[in-house]
Amino acid sequence: MAEGNIDRGSFRDPAGQVHLIGDRVFRTVMPMAAADYEAVRNRPTWRKLIDSGRVLPEQEVEPTVLGEAASEAVHVLEHPRLPHVSYPYEWSFPLLKAAALAHLELHMEALEGDINLIDATAYNIQFQGPKPVFIDHLSFRPYHDGEFWTGHKQFCEQFLNPLLLRAFLGITHNAWYRGALEGIPVEELNRLLPWRRKLSWKVLSHVTLQARLQQAAVEKGGKAEVKQRKLPKPAFIHMLRSLHGWISSLEPADTGKTVWGDYARNHSYTDDEVAAKKAFVAEAVRGFQPETLWDIGCNTGDYSKVALEAGARRVIGFDFDQRALELAYARAVDEKLDFLPLFLDAANPSPDQGWAQAERKGLAARRNADAIIALAVIHHLAIGRNVPLSEVVDWLVDMAPTGVIEFVPKQDPMVQALLRLREDIFPDYTEAAFLAHLRERAEVVDSRTVSASGRLLVAYRRQD
Amino acid sequence: MRFTWTVFAGLGITLLLTTSPAHAYLDPGTGSMLLQGLIAAVAGVMVTARMYWHKIKGFFGRGAEPKAHEKDDRDHG
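Chains as they are written, first to last, in the numbering used here: chain D, 15 to 478; chain W, 52 to 128.
Calculated from the structure, these hints are not laboratory results.
Given the structure is predicted, the values throughout are model-derived calculations rather than measurements.
Glycine residues also receive a C-beta, built at the ideal position from the N, C-alpha and C atoms.
Warning: the hint list may mix true and false statements.
To list a few chain D residues with every Cβ distance to chain W over 10 Å, as calculated [claimed, not checked]:
#1 P45
#2 M46
#3 K62
#4 P94
#5 E123
#6 W163
#7 L207
#8 R243
#9 E297
#10 M413
#11 L433
#12 E437
#13 L470
Covered by chain W, according to a simulated footprint, are these stretches of chain D (three or more residues, beta-carbon under 8 Å) [to be verified]:
#14 164 to 176
#15 226 to 232
#16 244 to 250
The shape of chain W in the complex, shown without the other chains:
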């Protein structure tokens, strides 16, 4: 659920922010491809965020065992 809402919020923000034109090609599956582009972008942001989170945790010492929901998040890359 938590992952779902993170992606949802992420998608909303990404949808508002992405306006830069790029290589163009329209076919009936464009909507699906754009949607997956957003999912890919959010997944990328999450990977980066987690990488920094681990760095921060590492900086403050060994830290505790990862919590259950963090383990869960790892599944979603």
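The shape of chain D in the complex, shown without the other chains:
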């Protein structure tokens, strides 16, 4: 039970850490946080927050379960293991928006019951399917009358500003957020926003005024005065409620609902070919019986849904296209699917990063799929991004022990489109080469040509 079990995402908090032991997840409550934890736990609202699903369930267990590693812990809580951990830079606009709204709703409900949240980091929200849940039980404290919202700046930088970036300027937050990790700084967003946006009272107060006051404080050389005033609870709740109303109304600047709808219908193949493809995927998934399936290049989630209907318990989808991800999220919510569509540039997946390059795990370190499907993906990497075909196959096969891969041949119109404006430097991009690479790593259990252009679907089991 050494330090090795401590989740590196929780090391910053001296109030307690998360320990991962096998499949079980524990959280220590250290002496400095014990009194506050007990006070919060004993308030009637606490149970409501957990029973309503806003906060991840917890159960107190004997501290001895962690042995030496938690010898100083006053309490040890056990949590259900999250099916998948994702980060805000992997979320689409509607996922970040859902997380922001969930955080505000949780905070308002907690405050009504005299419980406060001491921070507002987006990393404390995780998704179960498309549904957000709050995971940090040590962010709660008893509310004291007149307290300020200490997490306000963090909320702005980790939730509000990235949403405004897309809603006002049409810029997606993912690359910036991944680089900055703590979100979009208030001062920098303030510099980017056009002046007409600053005519809005909400922008003026949460962005411009906050940035100006910060700047003024810096210019005073650390002699800025924070007056010891009390923020009345109704004013605190009003801040949260008005942010909630504002964020609810935000939509991406560059997409309209009609565009999404057209996007969903934008297929390059016939209905028969789609039906054949769906039948093959369903059959393969029934054979693999995966708990978790990753859909690499999930688009709007058509095949994620097929996989769920064929028995996959949950699907984590990945795509590069923001509009497709937005539609996929809407589908998951509307149809109540255990489907979480996340942003991924497959040629540049999330790295291990943060403190000691271990705080936020890379995609490879979070692999948890029993099966993958990778439909119409290979040509984007092998031809669109010049990744050697054998490496693309290896990357996919390494991801899970079973899977379905679609090979899109060079004569296919979609590949031709990729090659139209460039020289064909891919003599090795052939079906034969693809199958040869795959057979080096896996047993092909089924294969079928599903389109007139020669698209090939292959189901395989990895030889470990």
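Since the structure of chain D is already known, use the hints to place chain W on it.
Just chain W now, with coordinates in the frame of chain D:
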């Protein structure tokens, strides 16, 4: 909306008037804390103003039922 504009005007005035130095400590959240200090100040002014308003109304007799927007204001403390 009315509350919003009252706070907006209040913030502007307060921003112009508050210059007195006090206990100092700067961290990256200072801008947010100063902002909330202003909101707290405006909320305080509004509570005081409403208290006097009710006293004045009381002085001139029972007065009418509070109007809708006054009820609304009460939510914001």
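To test your reading of the hints: which numbers does this structure violate? 6, 8
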